[in-house]
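Each chain is listed here by its residues.
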Amino acid sequence: DTAVSQTPKYLVTQMGNDKSIKCEQNLGHDTMYWYKQDSKKFLKIMFSYNNKELIINETVPNRFSPKSPDKAHLNLHINSLELGDSAVYFCASSQTYSQGEAFFGQGTRLTVV
Amino acid sequence: AQSVTQLDSQVPVFEEAPVELRCNYSSSVSVYLFWYVQYPNQGLQLLLKYLSGSTLVKGINGFEAEFNKSQTSFHLRKPSVHISDTAEYFCAVRTLGGNQGGKLIFGQGTELSVKP
Numbered sequence: 001d002t003a004v005s006q007t008p009k010y011l012v013t014q015m016g017n018d019k020s021i022k023c024e025q026n027l028g029h030d031t032m033y034w035y036k037q038d039s040k041k042f043l044k045i046m047f048s049y050n051n052k053e054l055i056i057n058e059t060v061p062n063r064f065s066p067k068s069p070d071k072a073h074l075n076l077h078i079n080s081l082e083l084g085d086s087a088v089y090f091c092a093s094s095q096t097y098s099q100g101e102a103f104f105g106q107g108t109r110l111t112v113v
Numbered sequence: 001a002q003s004v005t006q007l008d009s010q011v012p013v014f015e016e017a018p019v020e021l022r023c024n025y026s027s028s029v030s031v032y033l034f035w036y037v038q039y040p041n042q043g044l045q046l047l048l049k050y051l052s053g054s055t056l057v058k059g060i061n062g063f064e065a066e067f068n069k070s071q072t073s074f075h076l077r078k079p080s081v082h083i084s085d086t087a088e089y090f091c092a093v094r095t096l097g098g099n100q101g102g103k104l105i106f107g108q109g110t111e112l113s114v115k116p
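Those protein sequence lines, which keep their order, are chains A and B. Take the first sequence: its position 15, counting from 1, is numbered 15 in my numbering, and each next residue is one higher. Take the second sequence: its position 8, counting from 1, is numbered 8 in my numbering, and each next residue is one higher.
A few of these clues could be false.
Covered stretches of chain A, as calculated for chain B (at least 3 residues, CB under 8 Å) [stated by the list, open to error]:
#, segment
1, 36 to 43
2, 100 to 108
Facing chain A, from chain B, some residues (calculated, C-beta under 8 Å) [as the list claims (entries may be wrong)]:
#, residue
3, 2
4, 3
5, 19
6, 53
7, 56
8, 103
9, 104
Result set (SDA-like, lysine to any residue): computed pairs, CA atoms no more than 20 Å apart in a straight line [claimed, not checked]:
#, chain 1, residue 1, chain 2, residue 2
10, B, 103, A, 99
11, A, 41, B, 46
12, B, 49, A, 27
13, A, 44, B, 41
14, A, 22, B, 42
15, A, 40, B, 5
16, A, 36, A, 84
17, A, 40, B, 49
18, A, 41, B, 28
19, A, 41, B, 3
20, B, 49, A, 52
21, A, 44, B, 32
22, A, 52, A, 73
23, B, 103, A, 53
24, B, 49, B, 15
25, A, 36, B, 108
26, A, 40, B, 111
27, A, 22, A, 40
28, B, 49, A, 84
Derived from the structure by calculation, the hints contain no laboratory data. Note that the coordinates shown come from a computational prediction; the quantities given were computed from them, not determined experimentally. Every residue gets a Cβ at the ideal spot worked out from N, C-alpha and C, and that includes glycine.
Kindly produce the complete structure, drawing on both the sequences and the hints.
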């Protein structure tokens, strides 16, 4: 059983399109995250939700909109995709928002052409 | 604000040699510290963590790290590396409280390359 799973694993799309990435965790954790990893492997936090409530919203363009229907799911919707959005997006979860390690999904490699 | 600096972007080393990957952090409050490993085309896997207690922490795959509060460091070590240790290694910090309480921040990563 995969602890944190995200789909799809690969996503190739044209500029201007809208796409979504889904994430689910079966660990019973309260907190979920989205991270973006750029081509230089740098990991930057984008959003964090705790019990479906947004608690961290970094300086991310409004085109990115996270949605958490319940505490086991955190989806990421991206409008009007741009070339610079190409990256690997990681979903992660942790038991609480203030403690412990984060468990990561396998990543979604988004390529905008 | 908290920050994490990994002092080496690339570390080449021969098989069976010892290795140290350096990590320094900056925070005005107490922290939790982590090391993660990322193999090619995979997600991040936790190697070890420091939450409290003994400053020498042992992790998986023979790695260990030492928390040094006075030097604000959390360097990762392995006495003898294998080819299979070739990967990207990330140091991460989570602050306890403060205005960034709970945020998990990563360093820039260190690419460990083990050569035969």
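Against the structure, the hints:
no., hint, verdict
1, 36 to 43, "holds (count 4)"
2, 100 to 108, "holds (count 8)"
3, 2, "violated (12 Å)"
4, 3, "violated (13 Å)"
5, 19, "violated (18 Å)"
6, 53, "violated (14 Å)"
7, 56, "violated (18 Å)"
8, 103, "holds (6 Å)"
9, 104, "holds (6 Å)"
10, B:103 with A:99, "holds (9 Å)"
11, A:41 with B:46, "holds (17 Å)"
12, B:49 with A:27, "holds (19 Å)"
13, A:44 with B:41, "holds (17 Å)"
14, A:22 with B:42, "holds (17 Å)"
15, A:40 with B:5, "holds (15 Å)"
16, A:36 with A:84, "holds (12 Å)"
17, A:40 with B:49, "violated (24 Å)"
18, A:41 with B:28, "violated (27 Å)"
19, A:41 with B:3, "holds (17 Å)"
20, B:49 with A:52, "violated (27 Å)"
21, A:44 with B:32, "holds (18 Å)"
22, A:52 with A:73, "holds (9 Å)"
23, B:103 with A:53, "holds (15 Å)"
24, B:49 with B:15, "violated (25 Å)"
25, A:36 with B:108, "holds (13 Å)"
26, A:40 with B:111, "holds (11 Å)"
27, A:22 with A:40, "violated (24 Å)"
28, B:49 with A:84, "violated (33 Å)"
In this structure, the hints that do not hold are numbers 3, 4, 5, 6, 7, 17, 18, 20, 24, 27, 28, in rising order.
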